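Colleague: Listed below, chain by chain, are the residues.
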Amino acid sequence: MPEPTTETRGRTGKPVLLLACGALAREVLALVEMNGWTHLDLHCLPAKLHLEPARIPDAVEEAVTRMRDAYDRVYVLYADCGTGGLLQARCDALGVEMIAGPHCYSFFEGNATFAAHDDEITSFYLTDFLVRQFDAFVWKPMGLDRHPQLRDQIFAHYETLVYLAQTDDPALDGAAEEAAARLGLAYERRSTGYGDLAPFMARAAQM
Amino acid sequence: MSQDEDDLVLSELNDEELVLQMHDDLYDGMKEEIEEAVHILLDRGWQPYDILTKALVEGMRIVGIDFRDGILFVPEVLLAAGAMKGGMAILKPLLIETGAPRLGKMVIGTVKGDIHDIGKNLVSMMMEGAGFEVRDLGINNAVESYLEAAVEEQADIVGMSALLTTTMPYMKVVIDTMVEQGIRDDYIVLVGGAPLNEEFGKAIGADAYCRDAAVAVETAKQLIARKHNQVA
Chain X
1 MPEPTTETRG RTGKPVLLLA CGALAREVLA LVEMNGWTHL DLHCLPAKLH
51 LEPARIPDAV EEAVTRMRDA YDRVYVLYAD CGTGGLLQAR CDALGVEMIA
101 GPHCYSFFEG NATFAAHDDE ITSFYLTDFL VRQFDAFVWK PMGLDRHPQL
151 RDQIFAHYET LVYLAQTDDP ALDGAAEEAA ARLGLAYERR STGYGDLAPF
201 MARAAQM
Chain L
1 MSQDEDDLVL SELNDEELVL QMHDDLYDGM KEEIEEAVHI LLDRGWQPYD
51 ILTKALVEGM RIVGIDFRDG ILFVPEVLLA AGAMKGGMAI LKPLLIETGA
101 PRLGKMVIGT VKGDIHDIGK NLVSMMMEGA GFEVRDLGIN NAVESYLEAA
151 VEEQADIVGM SALLTTTMPY MKVVIDTMVE QGIRDDYIVL VGGAPLNEEF
201 GKAIGADAYC RDAAVAVETA KQLIARKHNQ VA
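Residue numbers (UniProt numbering), protein chains in the order written: chain X, 1 to 207; chain L, 1 to 232.
Hints may be right or wrong, so weigh each one.
[To be verified] Here are the computed lysine-lysine pairs in the DSSO-like style, where the Cα-Cα straight-line distance is at most 30 angstroms: (1) L:K54 x L:K221; (2) L:K221 x L:K31; (3) L:K54 x L:K31; (4) L:K54 x X:K140; (5) X:K140 x L:K221; (6) L:K85 x L:K105.
[As the list claims (entries may be wrong)] Just so you have them, the derived chain L footprint on chain X, three or more residues with Cβ under 8 angstroms: (7) 68-74; (8) 142-149.
Just so you know, the hints here were simulated from the structure itself, not pulled from any lab data.
Treat the numbers as computed from the prediction; the structure is a model and nothing was measured.
For glycine and all other residues, C-beta sits at the position ideal for the given N, C-alpha and C.
Using the sequences and the hints, build the whole thing.
Modeller: This is how it looks when you write it as structure tokens:
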């Protein structure tokens, strides 16, 4: 990856901060690499915050406040993520832009496309990250390692596990299919690429 | 589990010890032990209502506090709820026979587009335990479903639950329809679900946002009492 130069830094000569959910790290770095956006600095908050979404706004505010002076501008790579509009309100108050959408499933598929199938209510979604971290972020937090009998209660109304694939990786495809079987769900793979994340980051990268 | 606990014989405990043991067993989600203890207390002549309130509801209240404080998590609460359900199944017909006090009637369901019913099921169970009659409408309810049930049941309370940011705005559709039909003030409207908050509840015109099942029960009791006072 090339070193940042004066030309590729922000207007103030400082870099641009992407404050992201840890679940997006790999995808953000892939886009940075692909596009040579070396003036974008990535800082991630723990993906486990998703297990308690009410903590996300405070965590974002703390990081923005602590880090913003070192940057030309800050972009928040969280969607609403179960905060019920509170993260948007917090970002508005802080004067920073966040990516649009209810969650990463939606912006990876593209918010417009995702909204068009809002009747797909019995689908349980995984991204590349969640396929890789299925045990840590799904199986164990739901207690299925300790109490497998809860599976049919927790997933009673789900029918299909939809793997929204950011990359074309047969190993992840296999792991996602296996996850579907463990949850007792039908399996579908849907290739999304990086969806709305790419244009959002392209805007953040603009001088 | 220690050897001592393995050897614990519920029927050998006195009433006070047994009730405390039931709180522990609920906490640990031990359904069979709860069912056994309920039968023991019934055999000792306890009123079903006393078993419900002193053993089961009180036990779940403790579970609720530890859930709120981040000591217990959803899987443990589900197991506790399963144990309480086992006890409730024994008591329910007896409660009807013995004419236990009824505080009011609630219809409750998850809103249109939302299939996540864990929280709704907990509220439903705790409301029943607290003496409310509950008609559970299940998942994915359109406005007509709520309003038809509320009228049919002559309900006091309409409860709506949502887990998704994308489905919670539907609660406003239901409340707005109630306003349009001139029936909004006929019901107490309670809303809950992970992405909701106090501000959202106010903004959509609900009577209260309930953070968890225990808050829902307390709020329902307070608002029902206030409603009765207004009528009186």
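Colleague: Where does the structure disagree with the numbered hints, that is, which hint numbers, in rising order?
Modeller: Structure breaks hints 4, 5 and 7.
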